[in-house]
Amino acid sequence: MQLRFTEADERFRGEVSDWLSDNLAGDFSSIRHRGGPGDEHVFVEERKAWEKCLAEGGWTCIGWPEAWGGKDATIEQQVIFNEEYARAGGPGRVGHIGETLTGPTLLAFGSEAQKQRYLPGIRAGKELWCQGYSEPGAGSDLSAVRTRAILDESTQSWRITGQKVWTSLAHESDFVFVLARTDPAQKAHKGLGFFLVPMNQPGVTIRPITQLTGTAEFNEVFFDEAICGKDDIVGEPGAGWKVAMGLLGFERGVSTLGQQMLFQTELDEVIRIARENGSSKNPALRQRIAEAHIGLRTLRYNSLRMLSGGDDGSLSREAMIYKLCWSSWHRNLGKLAMDVLGPEAELLESEPYNLGRLQSLFLFTRADTIYGGTNQIQRNIIAERALGMPREPRGES
Amino acid sequence: MQLRFTEADERFRGEVSDWLSDNLAGDFSSIRHRGGPGDEHVFVEERKAWEKCLAEGGWTCIGWPEAWGGKDATIEQQVIFNEEYARAGGPGRVGHIGETLTGPTLLAFGSEAQKQRYLPGIRAGKELWCQGYSEPGAGSDLSAVRTRAILDESTQSWRITGQKVWTSLAHESDFVFVLARTDPAQKAHKGLGFFLVPMNQPGVTIRPITQLTGTAEFNEVFFDEAICGKDDIVGEPGAGWKVAMGLLGFERGVSTLGQQMLFQTELDEVIRIARENGSSKNPALRQRIAEAHIGLRTLRYNSLRMLSGGDDGSLSREAMIYKLCWSSWHRNLGKLAMDVLGPEAELLESEPYNLGRLQSLFLFTRADTIYGGTNQIQRNIIAERALGMPREPRGES
Amino acid sequence: MKFSFTDEQLMLKDSAEGFLAEHAGSGVVRHAMVSQSGIDEALWDKICTEMYWQAILVPEAWGGLGLGLVESVIVLEQIGRVLAPVPIAAGVQSVLALRTVAHHDLAQTLLTELAQGKLVALAHTAARPHWGAAGVEVVATETNDGFILNGEARFVASGHSADALLVVAQLDGDLGLFQVTPDQVGVTLSKTPTMDQTRPMGLLQLSKVTVAAAQCLAQSWRQHLDAVLNLSRILIGAEQVGCAQASLDQSVAYVSERVQFGRTIASYQAIKHKAADMMLKVESSRSLLYYAACVGDEALLGTASEEDLREAAAMLASSAGDAAFFCAGTGIQLHGGVGITEEYDIQLYFKRARSMEAYLGRPDQQREVLATMLLDGDDGHAA
Amino acid sequence: MKFSFTDEQLMLKDSAEGFLAEHAGSGVVRHAMVSQSGIDEALWDKICTEMYWQAILVPEAWGGLGLGLVESVIVLEQIGRVLAPVPIAAGVQSVLALRTVAHHDLAQTLLTELAQGKLVALAHTAARPHWGAAGVEVVATETNDGFILNGEARFVASGHSADALLVVAQLDGDLGLFQVTPDQVGVTLSKTPTMDQTRPMGLLQLSKVTVAAAQCLAQSWRQHLDAVLNLSRILIGAEQVGCAQASLDQSVAYVSERVQFGRTIASYQAIKHKAADMMLKVESSRSLLYYAACVGDEALLGTASEEDLREAAAMLASSAGDAAFFCAGTGIQLHGGVGITEEYDIQLYFKRARSMEAYLGRPDQQREVLATMLLDGDDGHAA
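Residue numbers (our numbering), protein chains in the order written: chain Z, 40 to 436; chain V, 40 to 436; chain P, 1065 to 1447; chain E, 1065 to 1447.
Please keep in mind that the hints were generated in silico from the structure rather than gathered at the bench. Fair warning: this is a prediction, and the values are worked out from it, not measured in the lab. Glycine residues also receive a C-beta, built at the ideal position from the N, C-alpha and C atoms. Treat each hint with caution, since some may be false.
[Claimed, not checked] Partner residues aside, some chain P positions facing chain V, computed with beta carbon under 8 Å: (1) Phe1069; (2) Thr1070; (3) Val1249; (4) Met1343.
Using the sequences and the hints, build the whole thing.
This is how it looks when you write it as structure tokens:
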């Protein structure tokens, strides 16, 4: 058990940090610290340019195999990259769905042709991806997807019809991966397919969802006979569930350390305000600030255990608690920020409804405990998979 | 909506308080403040004598009809009696099961002969009762009782066999009411009977259950062909569930105000210690003491709303939350008491395991959220009955 | 002792519930909250002319209904339940302030006008961060024939739309209470854009504002400010209970419709137990609300002490503040994804709950008030 | 950076788990806890001769294993998991104290004896209520050829059974560290009856006890006391994590057996979610435990600062203290009626959790330590 990084790792850290301070400058200065969760709708053009700059520097997809343009970076190096990226104020990555979800999925389940078609565009920061999983009737229960995919042998293409929801950056993306039912006779996990679908086509319509913040990070995406090639299915028709579940597994990982650096910035801001406005003298707030500090450090060491392979070589326990931990922590930080601000918390920056950064944090963190599996679903997962307790019975639908 | 008692009520309060200060004196001084929950095993002989003294003064069963020796006391008078009784340090009532459970049950469901046989003994403080509801396999799920009652026509008596548990004061009681299955072919709520059974007979064996406090308030009671008369069944064979549920309804009520006076004494003691040992300067403890104060006052006004018939004339909502409220409050008080005591909390009064009053409180209040319906069961009840949400499905047993 | 509503009170509750269900739906709220005033004028007129709630606490002598705090919280609970965009809480607060100086001619005039539906707002603090006397930033200077007022008051409930303002100002080591109108020279009145759009607040800036001696309602008003704020906490408590109840109701309705894994999500114990916890908090706060309202009525009659009122208000503010925030926050969680969309109302309750929780002091600050009463005095009372 | 066990550490964990499963069952605990010493001597002998855990932190130069804090917490986590009635935590604490004065001949002798299984206990506070320097009530007075000690130390971990004691005493405005043996004139050593019977504590009373100059291990030991207590908090944290884990394991096992309403109660979501919350707390505390142990090892090597150690210890004590109490308390709830009977073990963990949570400062007090570091200094560090 070793807390410190090796000297070689620290040299790598220096490289990352040097490159970032050289490049995240000039025109890119304006996007530092922007575009994170709750802020994904801002500076999109600039962030697209930044994604390409990052790619040219060799800093996209560093965990991928060298054969596909990656650096085969170790877990430690990926941790370091994410930490330094966050520390430098690196903006929210428009390419992150492609890099962390599509890419690993294709590497694990894709055909050679699919890899050759799609991986380079992601690696180059030129082709952006979004996800098409949830549907209005299939939120926590992903297996209830009703979007249909029908193979049209005459045109050698799949025709996809249905509705997806909670898709971020849909209108900026070139492709979407879609979980759709290939066999309408089958239910639940069976008869699904995993499709790679171009966004820029007449069959795809996007409608932004306005949130309680007044902004719209998420979208509904409507598919009306949208088309993708016969070969643009990952795995066999009917095997979509396996691919989709594999993809969800990739969501956990080294990016958590970068996320925590953002959290630290937010907590630092709360502490700064508390010291400045005298909230730091309030005993109840002192306890909560200390708790927030402990909670964030806990996230860090939970992650490091997870990334180090766990006590027994498995990712399982630490990984299963991670979502529940961070989302609850972040939500509590949002409320703490308001209480530290005191009466000022209520004042907007300007009309009509321009929220300050911490107000945005407060409101948007209510989503954290919901998307990507609600806290209730997370507790089910922990109880059933980590503790071996009985599964919730399905109703008869 | 009127907070204050009428002048007539206040005169009644004076009567009660005068009688108590005259009578809860001399030899009875030693049992003041004793024999409450967690302390029920002490001074039993003295408390039996006190019960008779109370009866002679006309202060048992005051809510009963005058025809059965009661005073037909109004809710307000019963509240006042319970408050003054607690304020005077009146000891835990050995007769309370008879007065508050058996009596009302017989008044509602009993035959004239049963009333004549049993009510006077309860009213006189001479015949004590205990309850036989829960079984090792039927705790939260009372309908799972397996104790059997068979009618022996030859002797005109019921023969009862089975095991009950969590029976307090079993070895001091003259009678027990027993929920038992009269028809073994029936399951769950059906085929049950409600029996009045003498304790002093060879078929009844009592085994105390030692608790985490080292003391034994509760008992297991074993019935091995225990006998009661053919007429000692309340209601028809098979109608036991209705009687039993009616009885549970009587548990809520005016005694809650007396219970709260005991709670107030405990909270006052915690506050006294906090002021004395400097814990009152600890900000986290200050918040919790204030919360405890709010919580206790909340119990009071919840009860008053409940006893006043609720906003819409029904007992329902306030009554349904009451158990969950008080048990959680009391459990939290136990922990608060330990934290206020600080390091001293760990020290016993003496060996081998003689707990101080607040230590007892701390340990015994862990039972409060379990017996009489766990907090989980209470939440089910609230969700299903007050909010109309779907019932938990039964398993297939 | 009868801790339940009288028949008249039940009728008042039912009529308020019915009226608001008919006239103050979600559309009305959403329309008003993006308007300049934040008020639905038509609804307010209808209330003032048909329901007369603005006059509930105004003594009959000045054209009011002469009812009490209990009746006020009955109405405000229903107002909070639908987030009705009307300035009733602000008006009632001003009535409470004016009742402390009811011997004064101007106060009687204002009470009469309030009963007729004119909006008078109380401007008492800059809240940086104190809500009480320590937060008063308007300063009054006595002149030969009156006073000059300078300074700023913030968070003035419905203040930007007020016809007249009651301004609390530092005066000779105590506090004075003055009447000011928006059209006076040196008075700037504006709307403060806030995160919660359903409870608009105004900013009052005073620059060398001359007020006549007759506009001074009191010169030693400090002792009254505490009482008025504690009574105001009871009014807010009523809205909080209503907000908590609505959050519970809407959440139970939603989870009863929503199906996942082939079951309505209302059938999951995790959901049911959250709803049970919400109800527990709603009912507990409601009990404290009715208690506090009774104490408030006694305080108005002079039969309850300052300490009794302070204690009742602090208990309620702590409990109802937590309840509203818990219920609205949990409500969002029970709504799942749609809970964070603009489309559903639960987010409006969430923002409102936060705004009300902070107004006049957070729950933890109220608990500290109680701790002081319980722990710091020589005899268990405040030092 | 490798935040997981080495192969050697994994072996140590597995061997500790296996050994204790075989030799430290519930019967052993229950037998010891009503005995005079509170210790199972046979088990302790077996550990000292076969497992050598008492020597884990003793440097190799004095016959120890020369291992670190990480290895210590690995063993203590397993000890806490079964409530093993052996004085290992007390011994390790004394080793930590002695390592601060390792240049001293007597310290070397004591370390050697500790490695051989002698029990040396640290008597440092009367805890009325301070656990640190402010709580030291033994006073040392210098004489011509030594010192006189007077006063009392309470809550001495396993102190009543100790072969020797390290006594912290007020000395000339600083603290001295002395060795005292129970047979010295003026020394009274007794067992303190405590609510938690699984972690016995001693009372040391000193009345004009003469100690030779050679028995004085240090005269300016105040700075070291803080460090030793922070390292002790890490040891306790390990036992707390073990206690929390055992509470979870036993509760899941029980609810999986118990049937109500025709289902194992493990199938109810209310039960499952409580168990999930328990696991979340166990794993979170465990992460902080391993972090704190790493910092502790760095502190022993001089590569971590006092502040780093204080912070790590405070975070762990807050988190693990809460986790153990929450898990044991929730464990009782999940056991239902039998949870409060003497028969089941969960109540032993509950009492143990409470005792450990209070020892060396409650979680809220630890959070206040952190708040001071975060909020009160000029630069974010402690003033």
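So, going through the hints one by one against the coordinates:
The criterion of a C-beta within 8 Å of any C-beta in chain V is met by Phe1069(P), whose closest approach is roughly 6 Å, and the hint holds. The closest approach between the C-beta of Thr1070(P) and any C-beta of chain V is roughly 7 Å, which is under the 8 Å cut-off, so the hint is satisfied. Evaluation of the Val1249(P) hint against chain V yields a violated restraint, the C-beta minimum of about 47 Å exceeding 8 Å. Because the beta carbon of Met1343(P) sits about 6 Å from the nearest beta carbon in chain V, less than 8 Å, this interface hint is met.
Hint 3 alone, counting from the list given before, is not met by this structure.
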